[in-house]
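Working from the sequences, and respecting the hints, build out all of it.
Line by line, the protein sequences give chains A and B. Using my numbering, the letters of the first sequence correspond one by one to residues 407 to 753. Using my numbering, the letters of the second sequence correspond one by one to residues 407 to 753.
In case anyone wonders, no lab produced these hints; they're calculated from the structure. The C-beta atom is built at its ideal place from N, Cα and C for all residues, glycine as well. One or more of the hints may lead you astray.
Claimed, not checked - Pulled from the structure, derived: some chain A residues nowhere near chain B, Cβ distances all over 12 Å:
hint	residue
1	K434
2	R512
3	A517
4	D540
5	N567
6	A705
7	D707
8	D708
9	I709
10	L718
11	I720
12	E727
13	K732
14	T735
Stated by the list, open to error - 30 Å max Cα-Cα, derived DSSO-like pairs, lysine-lysine:
hint	chain 1	residue 1	chain 2	residue 2
15	A	K434	B	K625
16	B	K620	B	K533
17	B	K546	A	K441
18	B	K441	B	K625
19	A	K562	B	K533
20	A	K546	B	K546
21	B	K431	B	K570
22	B	K441	A	K533
23	B	K570	A	K441
24	B	K431	A	K531
25	B	K620	A	K431
26	A	K546	B	K533
27	B	K546	A	K431
28	B	K682	A	K441
29	B	K668	B	K682
30	B	K546	A	K595
31	A	K431	B	K531
32	A	K625	B	K441
33	A	K605	B	K431
34	A	K413	B	K531
35	B	K570	A	K531
36	A	K633	B	K434
37	A	K441	B	K413
38	B	K728	A	K533
39	A	K533	B	K682
Protein chains: 2
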Amino acid sequence: MATENTKRTDVNQLGEFGLINHLTKNVKLQNPSSKKGIGDDAAVIENGQLQTVVSTDMLVEGIHFDLMYSPLKHLGYKSVVVNVSDIYAMNAIPKQVTVSLALSNRFSVEALEEFYAGVQAACDKYKVDLVGGDTTSSPKGLYISITAIGQAPADKIVYRNTAKVGDIICVTGDLGAAYLGLQLLEREKQLYLSNPGVKADLEGQNYLVGRQLKPEARKDIIELFTKNNLVPTSMIDISDGLASELFHLCTQSKVGAFIEEKGVPIHDDTQLMAIKFKLDPITCALSGGEDYELLFTIAPDDIDKVKFLPDLYIIGDIVAEKDGVKLHTTGGNIHPIKAQGWQHFGS
Amino acid sequence: MATENTKRTDVNQLGEFGLINHLTKNVKLQNPSSKKGIGDDAAVIENGQLQTVVSTDMLVEGIHFDLMYSPLKHLGYKSVVVNVSDIYAMNAIPKQVTVSLALSNRFSVEALEEFYAGVQAACDKYKVDLVGGDTTSSPKGLYISITAIGQAPADKIVYRNTAKVGDIICVTGDLGAAYLGLQLLEREKQLYLSNPGVKADLEGQNYLVGRQLKPEARKDIIELFTKNNLVPTSMIDISDGLASELFHLCTQSKVGAFIEEKGVPIHDDTQLMAIKFKLDPITCALSGGEDYELLFTIAPDDIDKVKFLPDLYIIGDIVAEKDGVKLHTTGGNIHPIKAQGWQHFGS
Chain A
407 MATENTKRTD VNQLGEFGLI NHLTKNVKLQ NPSSKKGIGD DAAVIENGQL
457 QTVVSTDMLV EGIHFDLMYS PLKHLGYKSV VVNVSDIYAM NAIPKQVTVS
507 LALSNRFSVE ALEEFYAGVQ AACDKYKVDL VGGDTTSSPK GLYISITAIG
557 QAPADKIVYR NTAKVGDIIC VTGDLGAAYL GLQLLEREKQ LYLSNPGVKA
607 DLEGQNYLVG RQLKPEARKD IIELFTKNNL VPTSMIDISD GLASELFHLC
657 TQSKVGAFIE EKGVPIHDDT QLMAIKFKLD PITCALSGGE DYELLFTIAP
707 DDIDKVKFLP DLYIIGDIVA EKDGVKLHTT GGNIHPIKAQ GWQHFGS
Chain B
407 MATENTKRTD VNQLGEFGLI NHLTKNVKLQ NPSSKKGIGD DAAVIENGQL
457 QTVVSTDMLV EGIHFDLMYS PLKHLGYKSV VVNVSDIYAM NAIPKQVTVS
507 LALSNRFSVE ALEEFYAGVQ AACDKYKVDL VGGDTTSSPK GLYISITAIG
557 QAPADKIVYR NTAKVGDIIC VTGDLGAAYL GLQLLEREKQ LYLSNPGVKA
607 DLEGQNYLVG RQLKPEARKD IIELFTKNNL VPTSMIDISD GLASELFHLC
657 TQSKVGAFIE EKGVPIHDDT QLMAIKFKLD PITCALSGGE DYELLFTIAP
707 DDIDKVKFLP DLYIIGDIVA EKDGVKLHTT GGNIHPIKAQ GWQHFGS
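Now the structure itself:
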């Protein structure tokens, strides 16, 4: 029978990113076509005229989603969106996806039809093709693995590690809403569990709940970049919260960042709901995840190209690495920003 | 809270392939670069000079592997092999893989290091690069999702649906060994569980156990095809047993097949162990899976190109669809072959 290891280090000791780094530190690329491996939103593969961009994600029931409040159709939609968002974050155009499922026998064919209807709706919206996958049994729960494949000319692809001191930091949309949508759904779930007769009260919360259950990827922004002949100097999508993504971008680019709190876009509904939950709205924006907006930097000379773009906000500047990653609050204080993913939120 | 569907069809009613077909029957490809979608060993994407080939698989603890007798290093190795085998089955060269894991907290960092050592060993052997992936929590068990990416010129890629009446059917290696390796490991597991003091008796069974725990993909055969200027007329890798793969190939090509039992390669160890388990060796070859050999067809004019190739066997001919898929036994009888995956073996 298989032998046991004698030393035992708990996985949580390293954290998700530490774990990936640790496990893949010896990986050396050997094929000339492997242009970029682990460490960005997606891998990049050389293919002659165009480069192929590949991103993959695993979504696990009970970890990433709760079927008590995630309709399967929304879940199928979101699974695709999360992955095409990674392709857009490379300034590439997603073209294909593969969808693999491991599922327990509690799922009926009709339930899977719902899931695939959501996958198809996202494929239609983002003009990507479902080209493959795998469907298999799971002893318990639903596991979704999606791979998205896109393409772009080599000189258009934008990485995380190419921000320069003096660059301007931008974000799209607004931040923190998906996190508060999740808090609302969790609150309703707890009420329902303690009193199944109670009807969910999500009246007037369409925006926040929608941002959680049916996020969109910023295809429109990538199209505006092309239209305005703009190539950001670095880019990443915001899946784990602004703070965490800012840290990835700064660490990999070997730079620091100075963020203005008043520049960070937060929706009115997010502001109000944060206060109801006794949370600081800026904390929700920094540490709440799943907004799937874009965080990117541009060269100072390109500022005129973004100034009048819709739904796009300048939030700060790239500074020297030694100056760290800091927030200038509306109250006039300067705080170092900590890289917290949403999993650790509130702890 | 999410609404329930009223109709409920059990997933098992459709079977794995029926389920995939059912769920993806409305999928229409919209991007010109999506050359081939669902329904072959891999998807094919147009990229100018070369085409990109993408294959993905999900491996689930308790369904596809048992950690009681699968060392994690072997499992990492096999996970990559299973996927590069799909790329070779398209007559393409695998170049990159992504590896995603969902794992419960019973796995230590050291255990994952073992797994990744196996992944790396396979990457080195098959000259592919690990370029991405995702690592996340699982409430229970280990889930592995691998995507392999390869490339080939358009005129070299071989599909499943292009076999022609009169073509010659070939297989590589030998069949049924991985299945008997699994039976041996399962037997030892049961003995161990009922009497933990007993030492596993796998003496002299290296071949069969090795075929199960550490299979190889037929890189060598694909290289020989190129060397001999041979492009098969159709090809598929044997992951679910010869019968099942033959059915895929015939159904998609709209042809039948006539197989000679005496042509089907079976290793001496497989013959002997089948008899010990009171199984018919040809049944193990037809319905046992996980050999990862290649099943392919060639034009009759190409017979001289394969006749003297090592480890390659002619097992029959492609016939008209109306003549069905049949086996000419060594006893002189002609039986229709049933498409059984290994999961249904013996039932």
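Do the hints match the structure? See the list:
1. With a least beta-carbon separation of about 8 Å from chain B, K434(A) fails to lie farther than 12 Å from that chain, contradicting its non-interface assignment.
2. Residue-level check failed: R512(A) sits 10 Å from the nearest beta carbon of chain B, not beyond 12 Å.
3. Residue placement check: A517(A) does not keep its beta carbon more than 12 Å from all beta carbons of chain B (closest about 6 Å).
4. A beta-carbon of chain B comes within 12 Å of the beta-carbon of D540(A); the shortest separation is about 5 Å.
5. Distance check for N567(A) against chain B: the nearest CB is about 15 Å away, which clears 12 Å, and the non-interface claim stands.
6. With a least CB separation of 28 Å from chain B, A705(A) remains clear of the 12 Å interface cut-off, as annotated.
7. Chain B leaves D707(A) outside its interface by the beta-carbon criterion, the shortest separation being 32 Å against a cut-off of 12 Å.
8. No beta-carbon of chain B comes within 12 Å of the beta-carbon of D708(A); the shortest separation is about 29 Å.
9. At the 12 Å boundary, the C-beta of I709(A) stays outside the reach of chain B, the nearest C-beta of that chain being 33 Å off.
10. The claim that L718(A) is not at the interface with chain B holds, since no C-beta of that chain comes within 12 Å of its own (minimum 27 Å).
11. The Cβ of I720(A) sits about 31 Å from the closest Cβ of chain B, beyond the 12 Å cut-off, so the non-interface label holds.
12. Chain B leaves E727(A) outside its interface by the beta-carbon criterion, the shortest separation being 26 Å against a cut-off of 12 Å.
13. Residue-level check passed: K732(A) sits 30 Å from the nearest beta carbon of chain B, beyond 12 Å.
14. Listed as a non-interface residue, T735(A) keeps its Cβ farther than 12 Å from every Cβ of chain B; the least gap is roughly 33 Å.
15. Distance restraint check for K434(A) and K625(B): the Cα-Cα separation of roughly 21 Å lies within the 30 Å cut-off, and the hinted pair is therefore satisfied.
16. Annotation: proposed proximity of K620(B) to K533(B) holds, straight-line Cα distance about 17 Å (limit 30 Å).
17. The straight-line distance between the Cα atoms of K546(B) and K441(A) is roughly 35 Å, outside the 30 Å bound, and the hint therefore fails.
18. At roughly 24 Å between alpha-carbon atoms, K441(B) and K625(B) fall within 30 Å of each other, so this suggested pair holds.
19. A hinted pair counts as satisfied when its Cα atoms are at most 30 Å apart, and K562(A) with K533(B) qualifies at roughly 28 Å.
20. Of the pairs offered as hints, the one joining K546(A) and K546(B) holds, with about 8 Å between alpha carbons and a cut-off of 30 Å not exceeded.
21. Proximity of K431(B) to K570(B) is assessed by CA-CA distance (about 25 Å); at most 30 Å being required, the pair is judged to hold.
22. Simply put, K441(B) and K533(A) have alpha-carbon atoms about 15 Å apart, close enough for the 30 Å limit, and the pair holds.
23. Distance restraint check for K570(B) and K441(A): the Cα-Cα separation of roughly 40 Å exceeds the 30 Å cut-off, and the hinted pair is therefore not satisfied.
24. The hinted pair formed by K431(B) and K531(A) meets the criterion: a straight-line CA distance of about 19 Å does not exceed 30 Å.
25. Restraint check for K620(B) and K431(A): the C-alpha separation of about 24 Å stays at or below 30 Å, so the hint holds.
26. Under the criterion of a C-alpha separation no larger than 30 Å, the hint pairing K546(A) with K533(B) is inconsistent with the structure, at around 35 Å.
27. For the hint linking K546(B) to K431(A), the alpha-carbon distance of about 27 Å falls within 30 Å, and the restraint holds.
28. For the given pair, K682(B) sits about 52 Å from K441(A) by alpha-carbon distance, which is inconsistent with the 30 Å threshold.
29. Note on K668(B) and K682(B): the hinted pairing holds, with a Cα-Cα distance of about 21 Å set against a maximum of 30 Å.
30. A distance of roughly 23 Å separates the Cα atoms of K546(B) and K595(A); the hinted pair therefore holds under the 30 Å criterion.
31. With a C-alpha separation of about 19 Å, the suggested pair K431(A) and K531(B) falls inside the 30 Å cut-off, and the hint holds.
32. Between K625(A) and K441(B), the direct Cα distance comes to roughly 23 Å. Compliance with the 30 Å bound is thereby established for this hinted pair.
33. Simply put, K605(A) and K431(B) have alpha-carbon atoms about 37 Å apart, too far for the 30 Å limit, and the pair is violated.
34. Between K413(A) and K531(B) the alpha-carbon distance is near 28 Å, which keeps this suggested pair within the 30 Å criterion.
35. Our distance criterion of 30 Å between C-alpha atoms is broken by K570(B) and K531(A), whose separation comes to about 39 Å.
36. Annotation: proposed proximity of K633(A) to K434(B) holds, straight-line Cα distance about 29 Å (limit 30 Å).
37. With a C-alpha separation of about 49 Å, the suggested pair K441(A) and K413(B) falls outside the 30 Å cut-off, and the hint is violated.
38. Restraint check for K728(B) and K533(A): not satisfied, since their Cα atoms lie roughly 40 Å apart, outside the 30 Å limit.
39. A C-alpha spacing of about 56 Å is found between K533(A) and K682(B), which places the hinted pair above 30 Å, so the restraint is violated.
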